[in-house]
Amino acid sequence: MRTFTKNSALLLMTLPGLLLLIAFHYLPIGGILIAFKNFRYSGGSFFTNFQNSPWVGFKNFEFFLKAPDAFLITRNTVVYNLIFIALGSLIALFLAIALNEIRNRRLAKVYQTTILLPYFLSWIAVSYLFYGFLSVDKGIINQLILQPLGIDAVQWYSDTKYWPYILVFTNIWKYAGYNCIVYLASITGIAHEYYEAAALDGASKWQQIRHITIPSISTVITLLVLLGIGRMFFADFGLFYQVPMNSGALFDVTNVIDTYVFRALMNSGDIGMSSAASTFQAFVGFIFVLLSNYVVRKIDKDKAIF
Numbered sequence: 001m002r003t004f005t006k007n008s009a010l011l012l013m014t015l016p017g018l019l020l021l022i023a024f025h026y027l028p029i030g031g032i033l034i035a036f037k038n039f040r041y042s043g044g045s046f047f048t049n050f051q052n053s054p055w056v057g058f059k060n061f062e063f064f065l066k067a068p069d070a071f072l073i074t075r076n077t078v079v080y081n082l083i084f085i086a087l088g089s090l091i092a093l094f095l096a097i098a099l100n101e102i103r104n105r106r107l108a109k110v111y112q113t114t115i116l117l118p119y120f121l122s123w124i125a126v127s128y129l130f131y132g133f134l135s136v137d138k139g140i141i142n143q144l145i146l147q148p149l150g151i152d153a154v155q156w157y158s159d160t161k162y163w164p165y166i167l168v169f170t171n172i173w174k175y176a177g178y179n180c181i182v183y184l185a186s187i188t189g190i191a192h193e194y195y196e197a198a199a200l201d202g203a204s205k206w207q208q209i210r211h212i213t214i215p216s217i218s219t220v221i222t223l224l225v226l227l228g229i230g231r232m233f234f235a236d237f238g239l240f241y242q243v244p245m246n247s248g249a250l251f252d253v254t255n256v257i258d259t260y261v262f263r264a265l266m267n268s269g270d271i272g273m274s275s276a277a278s279t280f281q282a283f284v285g286f287i288f289v290l291l292s293n294y295v296v297r298k299i300d301k302d303k304a305i306f
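Using full-length UniProt numbering, read the sequence shown as starting at 1 and increasing by one per residue.
Cross-link-like lysine-lysine pairs, in silico, BS3-like; alpha carbons within 30 Å at most:
1) Lys205 to Lys109
2) Lys303 to Lys205
3) Lys138 to Lys161
4) Lys161 to Lys66
In case anyone wonders, no lab produced these hints; they're calculated from the structure. Quick caveat, the model's predicted, so the values are computed rather than measured.
Model the full assembly from the supplied sequences, consistent with the hints where possible.
Structural data, given as structure tokens:
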């Protein structure tokens, strides 16, 4: 009780975040039960429909696991997320180190705000921004660059070979600024005495980054990578649905688990199947976190989450 009274202000500050965590992360866990029900609307409240719907075991999971495109959408989801985690982490770390090395604080704030700005744009705004560049008949790339050079216009929204690169670029462009803030906050917490001592010993800037900066924030890097691995079976719906403009010709490289479930739900209206797919994603992500945390713990237990 004494501890609660002493830290009452800090505990009060955590209350909004705690309520959001309970509302959006713990209460929806009850929805997992829908995955095992043949949910049918028969009038009345949601709980009445839930109670009247029969249990069907794992039948809803067959919708996803036995789908003809199950391998394709699973491959797309996992491979894209692996690239996002690896390349996104490296670029965010590079940006954080570069921003930290800028001695003009006002200029650093300008750069930081500029690279953070895409994070606040909605995916719909981003999709039409890219459409302005990639449109076949009115796009900047075709009309102002390729055609003046005598090169035929590219059918961006019907040719799959460009989209793996476009999607990776778009994801990094949107999230690199946001992710680098975490690294930048960790870097600014490193004591300057370490860098001063290294400089006196003749260490170059690269040697200071390699032997002081990166080892000092390695725990944060590991934590963010583990969190990314936990969501490896979840895809960014806006990125894969809005940016390609839901073009059917691009499904081979843009269809992921979330877009597949959304399209199936729009056609069938069966929320039991969508709940089963979401439960499958969460379960596999949980297994991945356990395995990756086990590997990290074997290498260095101080960097493991638990």
